[in-house]
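If you want the building blocks of each chain, they are given just below.
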Amino acid sequence: MTVALLSLVGFFISLYLWLWKVGIIGTIACGDGGCETVQLSAYASFLGIPVAFFGMLAYGTLIGLSLLGLQPRWQERRGPTVGLVFVAGAGVIFTGYLTYLEAAVIHAWCRWCVASSVVIVLVFLASLAGLWSRPSGGESSAAPIR
Amino acid sequence: MARSMNMKWFYAAFGVLVVAGAAWIWSSRSGAAAVEVGPEPVTPTSFPGWVLGSDSAAVEIVEYADFECGACAHFAILTAPDIRKRLVATGRVRMRFRDFPIQGHEFSPIAHEAGACAGEQGRFWEMADEIFFNQATWVREGRPSKSFEDYAKALGLNMDQYKSCMKERRHAGDIEASRQHGLAIGVSATPSFVIGGLLVTGALPYDSIVRLVERAEARARQ
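Which chain is which? The protein sequence lines are S and R, in order.
In terms of this note's numbering, the first sequence opens at residue 1 and continues consecutively.
In terms of this note's numbering, the second sequence opens at residue 1 and continues consecutively.
Just so you know, not all the hints are guaranteed correct.
Over the 12 Å line for every Cβ pair with chain R, so calculated as not near, a few chain S residues [said to hold, decoys possible]:
| no. | residue |
| --- | --- |
| 1 | 12 |
| 2 | 21 |
| 3 | 78 |
| 4 | 121 |
Partial list, computed: chain S residues near chain R (C-beta under 10 Å) [unchecked claim]:
| no. | residue |
| --- | --- |
| 5 | 53 |
| 6 | 54 |
| 7 | 133 |
Just so you know, the hints here were simulated from the structure itself, not pulled from any lab data.
Cβ atoms here follow ideal geometry from the backbone N, Cα and C, with glycine treated the same way.
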């Protein structure tokens, strides 16, 4: 539940940054202009696609996995939780790289990006906690009876 | 039972977050807050800004922009080329750029002076493009005067005239007059646009600009 709610927050942050990047939102609420510097830098796109779009995809996947894991037939299985750990882990690594770029290369901080970094770290920790608390034999015990 | 209650609370919280997020995104869209402003009080002695397009165009788009503002660069890169090609070149619209250097932007004053010094030689718009398109570079490098000189050279400006213009800060007064003009009509952020008497803030996408131009054209016909 925590992962789903946090991921939803992250999704809206990514959506906001992506809509600004494609020109649908005119002004980015940032305060010191750091968001614009970061978002207009060469590092704001990956493979020609705005980084925020990848954020939307990742958070969307996390929301989907966490909602799936809450459904009765999946509650005892580890699959969705393992998936959450992997997706959130990849997100933490990618976010770490982007945060490094902000600090060491671009020399500007985008507050929304920092907020997203905090969210993805929390999602990862919550996913790990979920995996830890779930019995490892859950997968087999909840296998469908044929 | 307890789990069922928990799930109810979870779905309620999830729904509230979805609605709040959607409302936030919706309210952030461009053009959400357009304000009617009176006719521009341009007197013969005041600096009129930089104009591109036909005097006979029915609609004028006045842009208040800061060369160090990221959203302004965003607009210059993504939207302005379409406006020039599809609205200005066809005679529908005339663009007027008004300097609005934001206080606290370290390099804005020199950037606007570079634009004006190029404008003195009839190349304001080309210089503005260079400044906006390379904004991330000159802001990061922290030596904008050298970058602006390079752009001036690339544009083929008379460099003696350009350098003396920059040294004397020949257009600093015009730039400040333009900023004061913006403040007087209620500009508080950049980019801001006045189109057909409406003041709108934000790096508007092309479609929003067209809608405002059509509205202004309809008003002009009345």
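Hints, one by one, checked against the model:
The beta carbon of residue 12 of chain S is not kept farther than 12 Å from every beta carbon of chain R, the shortest such distance being approximately 4 Å. Its closest Cβ contact with chain R, about 8 Å, brings residue 21 of chain S to no more than 12 Å, contrary to its assignment away from the interface. Every CB of chain R is more than 12 Å from the CB of residue 78 of chain S (nearest about 18 Å), matching its label as outside the interface. Interface exclusion of residue 121 of chain S from chain R stands, the closest Cβ pair being 19 Å apart, more than 12 Å.
With a cut of 10 Å, the hint placing residue 53 of chain S at the interface with chain R is violated, because the nearest CB-to-CB distance is about 15 Å. Among the interface hints, the one on residue 54 of chain S is violated; its C-beta lies about 18 Å from the nearest C-beta in chain R, farther than the 10 Å criterion. Hint status for residue 133 of chain S: violated, given a least beta-carbon distance of 15 Å to chain R, over 10 Å.
Checked against the numbered hints given earlier, the structure breaks hints 1, 2, 5, 6, 7 and satisfies all the rest.
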